[in-house]
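Listed below, chain by chain, are the residues.
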Amino acid sequence: MSTPSLSRRQFMGVAGGLAGAMALASLNFDAPAQINKPKISADDFKQDQREVDVLVIGGGMAGLFAAVKAHDAGARVLMVSKGRVGSSGLTPFAKGIFSYDRKKASMSIDDFVAKVSESAIQTNNPVFTRQLAEHSYDRVQELKSWGFFDSPIYHESFMRPINERRISVDERIMITHLLKEDGRVVGASGFMLDEKRIIHYLAKSVILCTGSGGFKPNGFPVCDLTHDGTIMAYKVGAKVTGKEWNDGHPGSAKNSGSSYDNWHGQVEEKPSTTEVTINHHLGVDLNYQAYTQGAPVMMGPPGDDQDRGSAVENAGPFVPEAFRHSAPPPPPQQGGLRGLFAGKGHSGPPGMGGEQVGGSSAGMAIHKSEGLVPINEQGLSTLPGLYAAGDALGSYMSGGIYTQIGSSLAGSAVQGAIAGEAAAKESLKLTGGVTVSNEQIERVSTEMLAPLKRERGYSPAWVTQVLQGVMIPNFVLYIKKERMMLGALAYVEELREHHVPMLLADDLHALRLAHETENMVITAEMKLKASLMRKESRCSHYRLDCPDIDYENWQAWINIWQDEKGQMQLEKQPFDMWPKFATA
Amino acid sequence: MPIQQISGCIGCEACVKSCPTDVIRMNRGTNKAEIRYPEDCQICHLCRLNCPVGAIKITPEKSIPVMVSWR
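Line by line, the protein sequences are chains S and F. If you read the first sequence in numbering that gives the first Met the number 0, its first letter stands for residue 0, the second for the next number, and so on. If you read the second sequence in numbering that gives the first Met the number 0, its first letter stands for residue 0, the second for the next number, and so on.
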């Protein structure tokens, strides 16, 4: 933990104090400091150790394919999930999956990649965009054979290939640490949510399929995702990217806290496939409209592009010419998302119809734009032994804006499969077992249980509320200005330096919340620092004080890592280059 | 209150396992599911959809005012 720089914070506090105070005043919470009264003791946790070839962390779409393909390539695989397979993270709520069918597609793969790059203003990595198109059809066919399209609930179809292959699955385990020896990631450690037991998984390769995350925002079913994978990888030296981008999903003004109502019951629908329809949407157009014109913000029915109102044409987030007044997409043959809702009396996903409020997915970037920095198209991270896939991988498959409906779910399937096979092949080449020092096991266990042992401190719920109050306002997270971001950063640094080390837990549920809260606070710091660094506006990153695209200086992504002194570092990564293994 | 009531539980634990945010736990005394951490409910309805006997009732209101980007 770095030494607090009080003088700087005090200075920043003057700049940011008013906004933060106003934001916090809207929240009602009890006095923050409290005495811990643990319901369980941290002193008698049992410890297990398990060894496999490939450890897959996460039980969503990416994790499913990573586990299946790693097994099929000959590796001993274990999948570990914070929740239930197919019932946690964002996967259970994604109902459209993109399938590029070469026989029927309206454009060639070359044209598809070029069109995505045009919409994404070159922020996409064309290698991953092409990979999506080339592999999506095959993954969709496999899903079909497992019964994926036959039910709105995914657990059963996900478990079919897992059970057929007898792949080990550990559910309801919160992984908090990656294990690293001699520069290589060799496993992960976590605790069970249902009994006092720590499990150390030793593995020749680890694949993070941990999804993205948010600030436990209201109205989007992302409250169990808190960037856990990204932050545990960051802490052992991996580079991460994409933190300046924003997912712009609005929420409904009525019952803003209800994910189900915001999505108009979409979770009850069976999934369906989507075809080529390239857009430039769900950036921060609505946020700009609300900022400049005030609330309420209304949106039209599906296919109506009123959200690209006059404000956006003349100022605000830049939309490439070809995507400004696109006609409604042609009705997909098998439904597709818009077809799905148009035909059944639904008004569609969030933002389609009715009065809107902002920030329903606050803390989350565009799918596939944030996560671990890949050094190759297999999703290998900057640390040997560590892969990532799906929303845990900063692949920039779509870039900093949404370009193709259904590509998020398809991309997770495609990337999971590729990473699984690559990790298995690499593992099989490694002879000998994996070892981890006792010192590391002891340190990890101590850090994991620390919130249970603290006598005084702060509740995760309160720190999360403060973080939400500082970060979620439209004028901080979405309509960015240097002065406000510096103010917010002072608050977030205070939380990270002084409050995170004092987070309390009185049971296993709260222990999970304590670790999730730390991950959100570090993510907030990354988002602010990356947004401050990127002195331009492009796609879903919008700065009121730098509103134009800077083609001269910003044909680059931003990589973030922790140096040997524990300091957060940021660097530019040119769009056309692959990074190398990290040296930190 | 988001998830409001579990009535007629048969103890199958499907809701406990399917809740992404760990709101529901088994009461080992009664062998029925109970709402343990309602403040963390994201009102996603997965528990209700996974319940084989329709025992779960959910309302769309959160118990505390929520933070949004504008209102």
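Read the hints as simulated data drawn from the structure, not as lab findings. Please note that a few of the clues may not be correct.
[What the hints assert, rightly or not] Cross-link-like lysine to aspartate or glutamate pairs, in silico, EDC-like; alpha carbons within 16 Å at most:
id, chain 1, residue 1, chain 2, residue 2
1, S, Lys-534, S, Glu-551
2, F, Lys-16, S, Glu-194
3, F, Lys-56, S, Asp-260
[To be verified] Examples of chain S residues lying across from chain F (beta carbon under 8 Å, computed):
id, residue
4, Arg-83
5, Gly-146
6, Asp-149
7, Met-158
8, Pro-160
9, Asn-473
Only a predicted model underlies this, so the values are computations on that prediction, with no experimental measurement involved. By construction, the Cβ of each residue, glycine as well, lies at the ideal position given by its N, Cα and C atoms.
Here is what the structure says about each hint:
no. : hint                    : verdict
1   : Lys-534(S) / Glu-551(S) : 12 Å, holds
2   : Lys-16(F) / Glu-194(S)  : 14 Å, holds
3   : Lys-56(F) / Asp-260(S)  : 14 Å, holds
4   : Arg-83                  : 4 Å, holds
5   : Gly-146                 : 16 Å, violated
6   : Asp-149                 : 15 Å, violated
7   : Met-158                 : 12 Å, violated
8   : Pro-160                 : 19 Å, violated
9   : Asn-473                 : 4 Å, holds
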